[in-house]
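K.L.:
Between the sequences and the hints, there should be enough to build the whole structure, so can you do that?
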Amino acid sequence: MALAAAKFALSEKGLGVEIYKADVVIVGGGGAGLRAAIAVAESDPSLKIALVSKVYPMRSHTVAAEGGAAGVKREDDSLDYHFHDTVGGGDWLCEQDVVEYFVEQAPIELTRLEHWGCPWTRTADGHVNVRPFGGMKIMRTWFAADKSGFHILHTLFQTSIKYPSIKRFDEYFCIDLLEEDGRCQGVVAIEMGTGEFTMIEGKTVILATGGAGRVFRESTLGGIVTGDGMALAFRHGVALRDMEFMQYHPTCMPITGLLFTEACRGEGGYLVNKDGYRFLQDYGLGPLQDKPKNKYMELGPRDRLSQAFWHEQQKGRTIEHPVFGSVVHLDLRHLGEAYLRERLPLIYEMAETFMGIDPAKEPIPVRPGIHYTMGGVKVDGKCETSLSGLYAIGECASVGIHGANRLGSNSLTELVVFGKLAGDEAAKKAQSLPPGNSPSLLKQAQEAEQRVLALKTKTGGTERMSTLRKEMVKSMEDGCGIYRLEETMQKTCDKLGELRERFKNINLDDKTSVWNTDWLYAIELDYQLDVAQSMAHSAISRKESRGAHQRLDGAYTERDDVNYLKHSEAYYVPGSAPRIGYGDVKITKSPPAARAYGAAGEKADQERNASHV
Amino acid sequence: MSEQKIIEIEVLRYLPESDQAPHSEVYKVPFTDDMSVLQGVQYIKDNFDGSLTFRWSCRMAICGSCGMMINGIPKLSCETFIRDYYPQRISVEALAHFPIEKDLVVDLSGFIEKLEAIQPYIIPKEPRTVEEGEYIQTPAQFAEYIQYTSCINCVLCYAACPHTALSPDFIGPGAMALLHRYNMDSRDGGKAQRMELAASEDGVYNCSAVGYCSEVCPKKVDPGNAVNINKINAGMDYFLRFLSPKGGAK
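These protein sequence lines map, in sequence, to chains A and B.
Last residue of the first sequence? That's 614 in this note's numbering, and every number before it is there in order.
Last residue of the second sequence? That's 416 in this note's numbering, and every number before it is there in order.
Don't read these hints as lab results, they were simulated from the structure.
Where hints are given, some of them may not hold.
The calculated lysine-lysine pairs, modelled on DSBU-like cross-linking and capped at a C-alpha distance of 30 Å, are [as the list claims (entries may be wrong)]:
id, chain 1, residue 1, chain 2, residue 2
1, B, Lys171, A, Lys475
2, A, Lys163, B, Lys171
3, A, Lys74, B, Lys291
4, A, Lys275, A, Lys294
5, A, Lys362, A, Lys292
6, A, Lys492, A, Lys316
Negatives, chain B to chain A, calculated, CB over 10 Å [said to hold, decoys possible]:
id, residue
7, Pro182
8, His189
9, Cys224
10, Ile228
11, Gln285
12, Thr304
13, Tyr311
14, Gly355
15, Ala375
16, Tyr378
17, Ser380
18, Lys397
Every residue gets a Cβ at the ideal spot worked out from N, C-alpha and C, and that includes glycine.
P.N.:
Set out below in structure tokens:
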């Protein structure tokens, strides 16, 4: 790619750093990053935007989201319902003022996607249709068949091409943030195709780098989901908030972890155990329903469903498959081939291609897999971090809408709502700031370059990267799985400490410059180890059970609002395990209450409404 | 567990900093029946040679990263299974008709330029504000374009297209399918400006309707059909401009 950037020789060896001066730098070209870029471009066309991504934007993992995006649509729905579903779904660990903003903006931003061409599935009279989703009282999930993330991403990417002020740095890998005068003022990145370094100055910087679920073994996630932006901010002193809350999606393909969307259940699919029994009725989600009923049975929240699987396994009621291990069945047969092909075409293809199963004729073996990082870079309600000028959005951020458990279809909406907000905010701030001190920033960039080059050029190491990675993901699964124990979490913390040491002794096979993915994966593993430590140490410190963090030990099996109605905050400590602190949770109109679904949930709703009269 | 089977994978390697030309290397990879060709090359990278380079991410045939020539046919390696080749050797090469950057990584910048050139965004026929709500699109209007929205930009169709090999500037099947997708969308009014490119020297007339692009498309977009519909459209425009003072595409 030809860049309009000056090249400065820095040493006699010919090492150099290219320089590009932007006003707003965005790291990450998925849904959130693209939406932010468009927001900057629309709010002030004179601002220069650098959109930096380690993959072509349309490869970003937004592409794999299936089910849809939540936003109030129907007459019988209300913003208040969406608010309460989200806050209760998050086990009251949400920032309620931020959730209020989120539910308000959701329908606006989803409509804007429609204007930009997103092919939302329609009703017979031509309006955008919605489908039911787990934990949502009224159906409000906008969907584009079962490829909602794919369509949102391609719509945003293609729309972004319209704006000449967005300059893309495709296949540029970010290795550090530049910090000067207490402000974030740009990034350093490697051009993957050449191995050369580029400094991209920006008056403001937005991180939109996605989640970190690849620190676990069996996940729904693409290889790129390695927590890069989280680690970058963490190393610059920004807290990673609520990192112990990792979402297990209940219906994944065994071994590969590939996702069978929640929409399978929204459209009427059943989950059954080895006796053909819809076991969710035994876990506070019943009574049994023939048709999908919101917040009942298969439309319960993901944490509860994954936990129910674990209990079934303990009771010996899962199916023991010779290849897949312990599974339950996702049964879609009663929906019929024609309906499945219309509403769940990707699921249909995946079952056929990857498992040799025709879902109209056979149930699909599934089990829980790691899916989503609820926590992330701590930001305020305007998406800004504690480092002035640094913003974070999407899965890499913790803006406070997911709490201890995200409801399915809230995260795609999050991308556009907070992508827009952060873009507007970062643009406004950039307009008021002078250009950076380039020589000083360049010196920082050069130091980052030397540090990262050393990882590639050093010799004599004995550790193989893939070995370290395998030990990390196994340990995270063992210690930070669906249910957690002090002892195994401690083992994971110890293991991660050991891997941090062994990482120093890593040896790379590839010492070249062009497309050196051996080197780039090592930088990613370095990020992943930091992020994994923040998760494991946040988990062992939270001595209660809430949402996706469930403990089996001692006095910690229940929610403890007295001591832990708090966000965890992990702070980077160089050369050591992170320090864990706690921050307040913003409660506006929903005081913590019992979290109930099924008939019990309906009763609790009625009581709450009655008490408000 | 079944006993361990071994597949031979022959990879066309090219390391630009040391190789004059691409060369083949053969690796013996243990596999299970659920393993894809992508997992096969990942096994090689993890265990035999970390310098082996390829793009991949989602593993579920939606991100479009992992296209390769597998036994000479362009395929997504994540949804191509080793078991279907065993016990024969599998040959894996970079996608045809693109310059190789390293091993299985090709230069996509030409494709990206084509994609950008076709104005792949809604040019509103009747602009409306968000407050005015969504556009209404009937099932018939929706059916006009939805198939062409499924392109994942994996560029397998370019690796299949004989005319891409002959004229690298040919807009090509994938980008033409996307052009058609926007032209056919009832919300869009940009057809006339897009058709200038479609009818140009680099446009639809390069295609001789071989149809191999549609055959290899993993998402059944049928880009060949999009190209050929636009040949007719471009031809219509050509003739209609003699009859109508505004041209035929409006």
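K.L.:
Could you run down the list of hints and mark each one as holding or not?
P.N.:
A quick look at each hint next to the structure:
1. B:Lys171 <-> A:Lys475: Satisfied, since the Cα-Cα distance of roughly 25 Å is no more than 30 Å.
2. A:Lys163 <-> B:Lys171: 51 Å, violated
3. A:Lys74 <-> B:Lys291: 25 Å, holds
4. A:Lys275 <-> A:Lys294: 24 Å, holds
5. A:Lys362 <-> A:Lys292: The given pair, whose Cα atoms are some 20 Å apart, holds under the 30 Å limit.
6. A:Lys492 <-> A:Lys316: 26 Å, holds
7. Pro182: Pro182 (chain B) not clear of chain A: closest Cβ-Cβ about 5 Å, inside 10 Å.
8. His189: Holds, since 16 Å exceeds 10 Å.
9. Cys224: Per Cβ check, Cys224 (chain B) is inside 10 Å of chain A; nearest 4 Å; violated.
10. Ile228: 5 Å, violated
11. Gln285: Incorrect as stated: the minimum Cβ-Cβ distance to chain A is 8 Å, not above 10 Å.
12. Thr304: Violated, because the least Cβ-Cβ distance between Thr304 (chain B) and chain A comes to about 5 Å, which does not exceed 10 Å.
13. Tyr311: Its Cβ does come within 10 Å of chain A, the nearest being 8 Å, so this is violated.
14. Gly355: Non-interface label stands for Gly355 (chain B): nearest chain A Cβ at 12 Å, farther than 10 Å.
15. Ala375: 27 Å, holds
16. Tyr378: 21 Å, holds
17. Ser380: 17 Å, holds
18. Lys397: The assertion about Lys397 (chain B) holds, with a minimum of 23 Å to chain A.
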